[in-house]
Amino acid sequence: MDARSRILSRVKRALKGRPKAELPGPLHPAPLPDPLELFLRRLEENGGEGRLMRREEVRSFLEALAQGFSGAALGRTLPLDLRPPLPELPPEEAPLGVSYALFAVAETGSVALASEEGRKVHLLPPTHLVLVEAERVYGTLAEALASLEDLPTALGLHSGPSKSADIGQVMVKGVHGPGRLLVAVLT
Amino acid sequence: MRAKARFYPKEAARLLQERPGVREAVTGATLHFERNRLRAYAEVPIEEWRERAKAVKDHVLSHLDRYLEEAERRLLEKGVRVHWAEGPEEAHQVLLEIVRRRGVRRAVKAKSMLTEELGVNPFLESLGVEVFETDLGEYLIQLLGEPPSHIVGPAIHLSLEEIRRLFHERFGTPLEASPEALAGVARKVLREAFLTADLGISGANFLVAETGTLALMENEGNIRLSTSLPRVHVAFVGLEKLLPRLSDLALFLPLTARAATGQRLSTYVSLLGGPAKEGEEGPEEVHVVLVDHGRTALLADPEAWETLRCLRCGACLNACPVYRQTGGHPYGYVYSGPIGAVLDPGLLSLEEAYPLPYASTLCGACYEACPVKIPIPSLLLTWRHRAVAQGLSPTWEKAALKAYRKVMESPALYRLFSKALRGLPLPQDLLPLLRAWTEGRGSLRPSPRPFHELWWELEEKDGR
Amino acid sequence: MGEMRVALFITCLADQFYAEAGVAAVRLLRALGVEVDFPEGQTCCGQPAFNAGHWEEARTLARRTLRVFQEAEYVVLPSGSCASMLRNHYPELLPGSREALAFSEKVYELSQFLVRVLGVERLGEGLKGVRVAYHHGCHALRELGVREEPLTLLTNAGAEILPWEAAEECCGFGGLFSVKLPEVSLAMADRKLSTLPEAQVLTSTDAGCLLHLSGRMAKRGANLRVAPLATLLWEAYAG
Chain A
1 MDARSRILSR VKRALKGRPK AELPGPLHPA PLPDPLELFL RRLEENGGEG
51 RLMRREEVRS FLEALAQGFS GAALGRTLPL DLRPPLPELP PEEAPLGVSY
101 ALFAVAETGS VALASEEGRK VHLLPPTHLV LVEAERVYGT LAEALASLED
151 LPTALGLHSG PSKSADIGQV MVKGVHGPGR LLVAVLT
Chain B
188 MRAKARFYPK EAARLLQERP GVREAVTGAT LHFERNRLRA YAEVPIEEWR
238 ERAKAVKDHV LSHLDRYLEE AERRLLEKGV RVHWAEGPEE AHQVLLEIVR
288 RRGVRRAVKA KSMLTEELGV NPFLESLGVE VFETDLGEYL IQLLGEPPSH
338 IVGPAIHLSL EEIRRLFHER FGTPLEASPE ALAGVARKVL REAFLTADLG
388 ISGANFLVAE TGTLALMENE GNIRLSTSLP RVHVAFVGLE KLLPRLSDLA
438 LFLPLTARAA TGQRLSTYVS LLGGPAKEGE EGPEEVHVVL VDHGRTALLA
488 DPEAWETLRC LRCGACLNAC PVYRQTGGHP YGYVYSGPIG AVLDPGLLSL
538 EEAYPLPYAS TLCGACYEAC PVKIPIPSLL LTWRHRAVAQ GLSPTWEKAA
588 LKAYRKVMES PALYRLFSKA LRGLPLPQDL LPLLRAWTEG RGSLRPSPRP
638 FHELWWELEE KDGR
Chain C
652 MGEMRVALFI TCLADQFYAE AGVAAVRLLR ALGVEVDFPE GQTCCGQPAF
702 NAGHWEEART LARRTLRVFQ EAEYVVLPSG SCASMLRNHY PELLPGSREA
752 LAFSEKVYEL SQFLVRVLGV ERLGEGLKGV RVAYHHGCHA LRELGVREEP
802 LTLLTNAGAE ILPWEAAEEC CGFGGLFSVK LPEVSLAMAD RKLSTLPEAQ
852 VLTSTDAGCL LHLSGRMAKR GANLRVAPLA TLLWEAYAG
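Protein chains in written order, with my numbering: chain A, 1 to 187; chain B, 188 to 651; chain C, 652 to 890.
These are computed hints drawn from the structure, not numbers from a lab. Check each hint, because a few of them may be wrong.
List of simulated lysine-lysine pairs, PhoX-like, C-alpha gap at most 20 Å [unchecked claim]:
1. B:K375 / A:K20
2. B:K265 / B:K464
3. A:K163 / A:K173
4. B:K197 / C:K831
5. A:K163 / B:K241
6. A:K20 / B:K464
7. B:K593 / B:K606
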């Protein structure tokens, strides 16, 4: 008998005669009235920076943003028209990472980043810009998870800049992920 | 990891005496967490959430074999290698095989209480692997060679001054360095480790059976990095971490975050489903080690199995007025505070965990805080009862309780005792029990006359 | 209201260390038209033994207590923890005992009895302007759900309940805990006392808590009146 069989048989024996508890059905929370507004508010409360913009405005936004950076690492699934006018750098070196989110969740102020576009771009550059389509901003986490058909290999829910208060209870940003999270919601 | 719970009374007393800064630091940190939790609980229909979470966990636990098998199937379908470990030996075997086969020289670790139980760090180090704890708090205590003091904030017992001194000695930073500067140094060291590590090790907050998904929560990003950059990722998962459906994460992720730190969701949540696909970034190999290490024994316990609902959020530690005075070290095992007092005897044995169930006044604050309604005070009473039945009580306690019963069983003896309390000069310094009282609280002063005598005067006065 | 009859369970700690609380409780109840009996032979509810895990000793005393009070319609105690012992834990100690179950329904802490059974929320004006630090005993608060009753009665009598950051935190008495883990127990008392507001009196439903806190205050040279809740409620009525 290997460890697996021993463990499983111990579990079965432990549960013998124990009454079975029922599983409550999944939650169906009421849809939230204005997910876009809520998303921006919650993101800001988390220390992130978010704004709404029409797709036509993205070009000028990216141009302005590019002024402050020497280059950017780009997510592989980032649409061409959403790339900043900057030389592409590897994530280990880039001061800016740009991603295209799978979806966003308003109640928690989170963006969902899939491994298809890479993982280093989400984590290594100190500033992270995430673009997300407005119709992919769900009100609740329950809705968002329900909408997923295929799970990516890795899905990251990012809700703000990286932070820690482990040093004398003083909040410090950017240990170890990006210290700045910018989100542009495209209407 | 061996438990040193029996030293709790001495260690707690010593800590209070010799390191008063710990009490101050822990009190500050836990009150802060508590306030945040209360605010976050007040924002949602928390009683509904708690009831529901309890129900889901009870369901999983009462069908655990089924869910373990389902999870294993899904994990295997996703290309994850699944191992089962009864305890440290098998866990070490998994690591040994990987270290040898892949020539691992450096490992990065996310915070995981289970890996502390299993002694993962010392084992890897014995193989010549350089291990980096990457959670900032864990990194600090790794540098100091101390065990974690709290489930969520392992270094809350350290003051800023102590950390400044540590970095000054280790890295030559100035003694007045700001927290930002110190964090910057740690970030640099650990960034290097992330980029060069051959192996990433984590625990898991949840394992979803329906999809074989691992869910991990954090605020720093070190878990995302540890599970993304190295070529091999090993996740140690306690049997009790299972959830039935992906949709259950919509309850458990926010509930755990609110309970632990008062957040709506942790800054980073990783939902992991296997090794990287061709051409994708991510680990080539993902291993999940399903670990027993006392969990099946606790599951079999008809009164204590509910303890396994624990989400490791630390809310009970933050609420506990006893824990607050010393932090986690005196408890002598991985799990301290209220949950430690009921989990340790269940996972290890009552003998090994004694007298932790007595490290409590039964005030009930922990039960109010617990997101899955573990009846900790009731469990503490059960363990105490068992301790007495197993003969673990000290001799003086048994004698004192015997005398107490004799006196209270007989009104005549009780009245005699009452007179003695006032008549004879009680040797308050001699009796160790009384000395333990009077040393910190001054001598006991009974009322000039006990109520049972005054009653008769009341009867007379009121004309009865 | 004149027909109501209660049995007073003074509790061992109050009997010995806060006898005034018993006197106050009896006077107050009688003034409100309640007949009060004091069943002889009452001693201790068994809580110290139960909490320490010595359930055989606790059971003996529980059975005894049930016998002593079996005639009572209501059992009133100037103690939250003992009331909780009788109400919540006797049925656990004596599972299947219908007697214990029936008994538990008749048990009340004093302020709980006044407000919930007698429907009395105003006693008088006797505490006008008195600044009170109210310590919520853990068993009263979390096991009996007694939180508003003492505050209502005190406030309606003119008392000012001062804000106290640590008001609902455990004082560190915990029965045998106070002598099994004295250093931690004292550190908990110090936490309470270091946040104490500028009050004229410290009060609570529980004698154990008051004994522990007043003892610690005395040792540290602090000088604040400590009075059991029953005493203050009588002062509220009698002026």
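Broken hints, by number
Of the numbered hints, 1, 5, 6 do not hold.
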